[in-house]
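**Student:** Read off the chains here:
Number of protein chains: 4
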Amino acid sequence: MKSEKPDTAKDNTCSVPPKAGRKPSDGTIPVKVGQLVFGAKEIVIVAGPCAVESREQLFETARAVRKSGAVMLRGGAFKPRSSPYSFQGLGEDGLKMLREIHNETGMPVVTEVMDTRQVEMISQYADMLQVGSRNMQNYPLLREVGQSKLPVLLKRGMMATVEEFLLAAEYVLNMGNENVILCERGIRTFETSTRNTLDLSAVPMLKRLSHLPVIVDPSHGTGIRWMVPSLSRAAVAVGADGLIIEVHYKPEEALCDGYQSLSINEFDGTMKELDKVAVAIGRDIHR
Amino acid sequence: MKSEKPDTAKDNTCSVPPKAGRKPSDGTIPVKVGQLVFGAKEIVIVAGPCAVESREQLFETARAVRKSGAVMLRGGAFKPRSSPYSFQGLGEDGLKMLREIHNETGMPVVTEVMDTRQVEMISQYADMLQVGSRNMQNYPLLREVGQSKLPVLLKRGMMATVEEFLLAAEYVLNMGNENVILCERGIRTFETSTRNTLDLSAVPMLKRLSHLPVIVDPSHGTGIRWMVPSLSRAAVAVGADGLIIEVHYKPEEALCDGYQSLSINEFDGTMKELDKVAVAIGRDIHR
Amino acid sequence: MKSEKPDTAKDNTCSVPPKAGRKPSDGTIPVKVGQLVFGAKEIVIVAGPCAVESREQLFETARAVRKSGAVMLRGGAFKPRSSPYSFQGLGEDGLKMLREIHNETGMPVVTEVMDTRQVEMISQYADMLQVGSRNMQNYPLLREVGQSKLPVLLKRGMMATVEEFLLAAEYVLNMGNENVILCERGIRTFETSTRNTLDLSAVPMLKRLSHLPVIVDPSHGTGIRWMVPSLSRAAVAVGADGLIIEVHYKPEEALCDGYQSLSINEFDGTMKELDKVAVAIGRDIHR
Amino acid sequence: MKSEKPDTAKDNTCSVPPKAGRKPSDGTIPVKVGQLVFGAKEIVIVAGPCAVESREQLFETARAVRKSGAVMLRGGAFKPRSSPYSFQGLGEDGLKMLREIHNETGMPVVTEVMDTRQVEMISQYADMLQVGSRNMQNYPLLREVGQSKLPVLLKRGMMATVEEFLLAAEYVLNMGNENVILCERGIRTFETSTRNTLDLSAVPMLKRLSHLPVIVDPSHGTGIRWMVPSLSRAAVAVGADGLIIEVHYKPEEALCDGYQSLSINEFDGTMKELDKVAVAIGRDIHR
Chain A
1 MKSEKPDTAK DNTCSVPPKA GRKPSDGTIP VKVGQLVFGA KEIVIVAGPC AVESREQLFE
61 TARAVRKSGA VMLRGGAFKP RSSPYSFQGL GEDGLKMLRE IHNETGMPVV TEVMDTRQVE
121 MISQYADMLQ VGSRNMQNYP LLREVGQSKL PVLLKRGMMA TVEEFLLAAE YVLNMGNENV
181 ILCERGIRTF ETSTRNTLDL SAVPMLKRLS HLPVIVDPSH GTGIRWMVPS LSRAAVAVGA
241 DGLIIEVHYK PEEALCDGYQ SLSINEFDGT MKELDKVAVA IGRDIHR
Chain B
1 MKSEKPDTAK DNTCSVPPKA GRKPSDGTIP VKVGQLVFGA KEIVIVAGPC AVESREQLFE
61 TARAVRKSGA VMLRGGAFKP RSSPYSFQGL GEDGLKMLRE IHNETGMPVV TEVMDTRQVE
121 MISQYADMLQ VGSRNMQNYP LLREVGQSKL PVLLKRGMMA TVEEFLLAAE YVLNMGNENV
181 ILCERGIRTF ETSTRNTLDL SAVPMLKRLS HLPVIVDPSH GTGIRWMVPS LSRAAVAVGA
241 DGLIIEVHYK PEEALCDGYQ SLSINEFDGT MKELDKVAVA IGRDIHR
Chain C
1 MKSEKPDTAK DNTCSVPPKA GRKPSDGTIP VKVGQLVFGA KEIVIVAGPC AVESREQLFE
61 TARAVRKSGA VMLRGGAFKP RSSPYSFQGL GEDGLKMLRE IHNETGMPVV TEVMDTRQVE
121 MISQYADMLQ VGSRNMQNYP LLREVGQSKL PVLLKRGMMA TVEEFLLAAE YVLNMGNENV
181 ILCERGIRTF ETSTRNTLDL SAVPMLKRLS HLPVIVDPSH GTGIRWMVPS LSRAAVAVGA
241 DGLIIEVHYK PEEALCDGYQ SLSINEFDGT MKELDKVAVA IGRDIHR
Chain D
1 MKSEKPDTAK DNTCSVPPKA GRKPSDGTIP VKVGQLVFGA KEIVIVAGPC AVESREQLFE
61 TARAVRKSGA VMLRGGAFKP RSSPYSFQGL GEDGLKMLRE IHNETGMPVV TEVMDTRQVE
121 MISQYADMLQ VGSRNMQNYP LLREVGQSKL PVLLKRGMMA TVEEFLLAAE YVLNMGNENV
181 ILCERGIRTF ETSTRNTLDL SAVPMLKRLS HLPVIVDPSH GTGIRWMVPS LSRAAVAVGA
241 DGLIIEVHYK PEEALCDGYQ SLSINEFDGT MKELDKVAVA IGRDIHR
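Protein chains in written order, with this note's numbering: chain A, 1 to 287; chain B, 1 to 287; chain C, 1 to 287; chain D, 1 to 287.
It should be emphasised that the hints constitute simulated quantities derived from the structure, not laboratory data.
Watch out, some of these pointers could steer you wrong.
With a straight-line Cα cutoff of 27 Å, these simulated DSS-like cross-link-like pairs (lysine-lysine) come out [to be verified]:
{"hint": "1", "chain 1": "B", "residue 1": "Lys19", "chain 2": "A", "residue 2": "Lys272"}
{"hint": "2", "chain 1": "A", "residue 1": "Lys276", "chain 2": "B", "residue 2": "Lys250"}
{"hint": "3", "chain 1": "D", "residue 1": "Lys149", "chain 2": "C", "residue 2": "Lys276"}
{"hint": "4", "chain 1": "C", "residue 1": "Lys41", "chain 2": "D", "residue 2": "Lys67"}
{"hint": "5", "chain 1": "D", "residue 1": "Lys67", "chain 2": "D", "residue 2": "Lys32"}
{"hint": "6", "chain 1": "D", "residue 1": "Lys32", "chain 2": "C", "residue 2": "Lys41"}
{"hint": "7", "chain 1": "D", "residue 1": "Lys67", "chain 2": "C", "residue 2": "Lys272"}
{"hint": "8", "chain 1": "D", "residue 1": "Lys276", "chain 2": "C", "residue 2": "Lys272"}
{"hint": "9", "chain 1": "C", "residue 1": "Lys276", "chain 2": "D", "residue 2": "Lys276"}
{"hint": "10", "chain 1": "B", "residue 1": "Lys41", "chain 2": "A", "residue 2": "Lys272"}
{"hint": "11", "chain 1": "A", "residue 1": "Lys41", "chain 2": "B", "residue 2": "Lys276"}
{"hint": "12", "chain 1": "C", "residue 1": "Lys272", "chain 2": "D", "residue 2": "Lys272"}
{"hint": "13", "chain 1": "D", "residue 1": "Lys96", "chain 2": "C", "residue 2": "Lys276"}
{"hint": "14", "chain 1": "B", "residue 1": "Lys276", "chain 2": "A", "residue 2": "Lys272"}
{"hint": "15", "chain 1": "A", "residue 1": "Lys41", "chain 2": "B", "residue 2": "Lys250"}
{"hint": "16", "chain 1": "B", "residue 1": "Lys272", "chain 2": "A", "residue 2": "Lys276"}
{"hint": "17", "chain 1": "B", "residue 1": "Lys41", "chain 2": "A", "residue 2": "Lys276"}
Let the sequences and hints guide you as you build the complete structure.
**Tutor:** See below:
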């Protein structure tokens, strides 16, 4: 009579790389983005549209999410799309709009970089560089952002294990950039009723194995607007250091991912719920 | 320029069977197990050992979880094990012990049934019949428990879509037994750092598609003891109607799943955390 | 500079159970079904309808597949269906028809058993008992067929690892029934363009780890009629000891799995192709 | 009583992009690499080391695979590795060696490009540019090789559906480069006994949906040396237009993927087997 589970599962099976890993006794080491701190007691909410589509769309959305309590702005100017015929983003024009609304609202801006050749240009407009899921193992890009002075938001590949995720972070850290924030955004499984399967167990696992802050993207993680509020609550309850949520002032007209974007009202309601859950676990939502 | 996601994802892609499904305007229809109600405002915590191993192990564990606030007892007497050489359970002797401690503590008992031929015998000792993950598509068994007067706890198969899960429930409902409780317990994915990937998005999805109560098993869902508290909090935050948690008075000596069982102290601490999260979302833990 | 793959992958990561496993130096130990031998030089083709639907359908199909070279007949009388509202099979009437056409054609019959209580009755009509994918970990059923004198066709669960598959076989072998044939029938993955993903690498892996014969089901493995011929060729080329193929005399009218059933003409053409591939690898199709 | 499978599975569920797709009545349109033709009756075998490690290693391996019948050479000079501490390749020095052995043996060379900034430089040495699995959705890179005059070997992402694979090819085609060869190299599943699960059903599916030639990489597809010969036979039998196989003159000393590389003798034996299987299905191995 013996237990049927291999020993390896008793603790964890990952081999953790030296820079992204940490000793179990250490805690999370916070990462600063402008005045904001990820990985401290206060939970940081990043919100904004999937893609920057127009001045009106971005500005209206940004002002609204700030009013509801978001403290950082997301918005894609260069969009990785499965099809070459989908909307690819406004490019540098979008970045300029992001900078302008940053100046108005004070919210730091995170935007995706897809091409090593764009890192320098995008860095003129962004406060944090996002490496997206499809590029989690794009090593030249990881090395390039590893040489940047800006913090990096690294999204988990949809097919990446926790171990591979930490190894990708190691590429950035190993180039000298210590300011990496990890983002769980759903993995690909056999389940088809949701766009991805949000792996909330990755949050405590990553926080145990690594000193890096961990945030959650419930918008891509579910792909369905009405699921975002409940999974956001769960992400806070499980211990995430922040959330990144897609919001659109007119979701039904969005050029990208409208079916998973919250309306302004929905986002406002969600923020109120998150406040309570954060307090219940001894933290706060940064406002 | 068009959205890259198929229309089907905008709402949901499941075809919901007539009895397990419901109209979107309806809410959850509660299921009673003895005096307990699953699916109402109060969240029900089921706890106990993976397997009944001995009188001492069961009784000590049961008394302790009751003291900490569990209101229902779990414990396997017939265990489905991947290997024929693993501990297979105490059989009817285990059931008698479960009944005895029920009489002492008042906690209703849920235990697994694997064989159509055992349903009648097990029903003499149990208050709810559990159909385990490996048997989610064991149709003769589903039909047999569908003829029982006892409520049924149906665990999601580790490879089952939400749609297949509801179709399995339909087999029970279609035989006349309306008292089915669904249990998300982790699905199998490529990720190896956890035993399964707990799919918390299945909770709001199932509650939207069906009137059946939904509970979560964070013990099998993660397979790792130290992850159970945080995923339990997340399960409550996401909207689960209950939790089923493995607790062992001496986890390191357990014959089955000890690496994922909470100690008595750990369970007690978890309950206190769950109280706060439940209140934060406008519910309560039933005590 | 070191290799990035864990050592465990260098050979294989399975822990093989004692009875289903074998020493690397041993070969496959053949299993007899009536006069047929699985696991020898000759490759055995099993064919027939998914479900027995009528006397005409079964008899016409059976005569045709025999004529084209099939030497064993498949046909379900008790069907495991995801929905309780799908066709569930003709039951014992179907079994009687199978026996009758056996008497005419001489082809041994394999049919699925889902319920421990049916094993004795079905054994009166069948030459081999099939345990289907959904029941691969139905341990009472495995133990029951383990006490049968009939050989057992054990299909891999759609989410079962090679190791779990061998452990399921061990349940049968451990009860004293040594005549188990393993069947790869496709696993569940993220890919949606096929019904399942046929895992042909499981064939050489199973044959290396175990002395049991291994056959392939390209019909369920792909779920698409026009893919069956090419995957059948591949299954022979990879080293399968047999194939089990769904054939229907009128696929477009089938009550079950018609979209994956070959027509009689298609099966005949496939058999001719398989002869050549078998010879190319030094084997033959048993005729 | 109705069929339980959704209609979409009856044929296929992919929406095929305009340039990578084709009308069902058309066949494969061959792609030329130097004198070689992929997608005609003759099957093309590409072989060589995972990574170029040294002049001796490359030259000995290249001469040997040519002697055994390979007609094209593979070898990585820039290697995408999960860990930043693994061997990363010899860079341009490796490319020079590849060109030199090309000049001696006449074999065209395929090598991986990971960085948009390297395309021009690598194009001076290579006859075909490989875009690896991790970069299948690296859109700047796809656009860059889409502007190249060299043919492109596009490997399927380990978590990419057939539909996404064709959409990635569409990015290249849409930039004006029509010479794309698709490569199935194994997908990530729950199975752990092999490195990946080689999805041979993708070969007929891709060839039905697209006019592009399709080859198979059994080395990455299995990750285990002794499985490569049997899966190579299966790949030819299923209809692949070519194979790309890792061979090393001293596999046990390889700096990269040695556990999945064939020795020179093993490759030679495999080629003889492939000749027979090719003939059995009415094709030939190009020599």
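**Student:** Checking one constraint from the list: CA of lysine 276 of chain D to CA of lysine 272 of chain C, max 27 Å. Satisfied?
**Tutor:** 16 Å, holds
**Student:** Is the Cα-Cα distance between lysine 41 of chain C and lysine 67 of chain D 27 Å or less?
**Tutor:** 32 Å, violated
**Student:** Going straight from one Cα to the other, do lysine 41 of chain A and lysine 276 of chain B come out at no more than 27 Å?
**Tutor:** 17 Å, holds
**Student:** For the pair we were handed, lysine 96 of chain D and lysine 276 of chain C, check the Cα-Cα distance against 27 Å.
**Tutor:** Given that 27 Å is the threshold and the Cα spacing comes to 44 Å, the pair is violated.
**Student:** Check whether the Cα positions of lysine 149 of chain D and lysine 276 of chain C lie no farther apart than 27 Å.
**Tutor:** Roughly 41 Å between the alpha carbons, so the hint for lysine 149 of chain D and lysine 276 of chain C is violated.
**Student:** Hint check: lysine 276 of chain C vs lysine 276 of chain D, CA-CA at most 27 Å. Holds or violated?
**Tutor:** 9 Å, holds
**Student:** Hey, lysine 67 of chain D versus lysine 32 of chain D, does the alpha-carbon distance stay inside 27 Å?
**Tutor:** Judged against 27 Å, a Cα distance of about 22 Å means the pair holds.
**Student:** Tell me if the straight-line CA distance from lysine 19 of chain B to lysine 272 of chain A falls inside 27 Å.
**Tutor:** Not satisfied, since the Cα-Cα distance of roughly 36 Å exceeds 27 Å.
**Student:** Given the hint that lysine 67 of chain D pairs with lysine 272 of chain C, test it: the Cα-Cα distance must not exceed 27 Å.
**Tutor:** Violated, at roughly 34 Å.
**Student:** Is lysine 276 of chain B close enough to lysine 272 of chain A, meaning Cα to Cα at most 27 Å?
**Tutor:** 16 Å, holds
**Student:** Checking one constraint from the list: CA of lysine 41 of chain B to CA of lysine 276 of chain A, max 27 Å. Satisfied?
**Tutor:** 17 Å, holds
**Student:** Between lysine 41 of chain B and lysine 272 of chain A, is the straight-line Cα distance small enough, at 27 Å or below?
**Tutor:** Satisfied, since the Cα-Cα distance of roughly 20 Å is no more than 27 Å.
The structure does not agree with the numbered hints 1, 2, 3, 4, 6, 7, 13, 15 stated previously, though it agrees with the rest.
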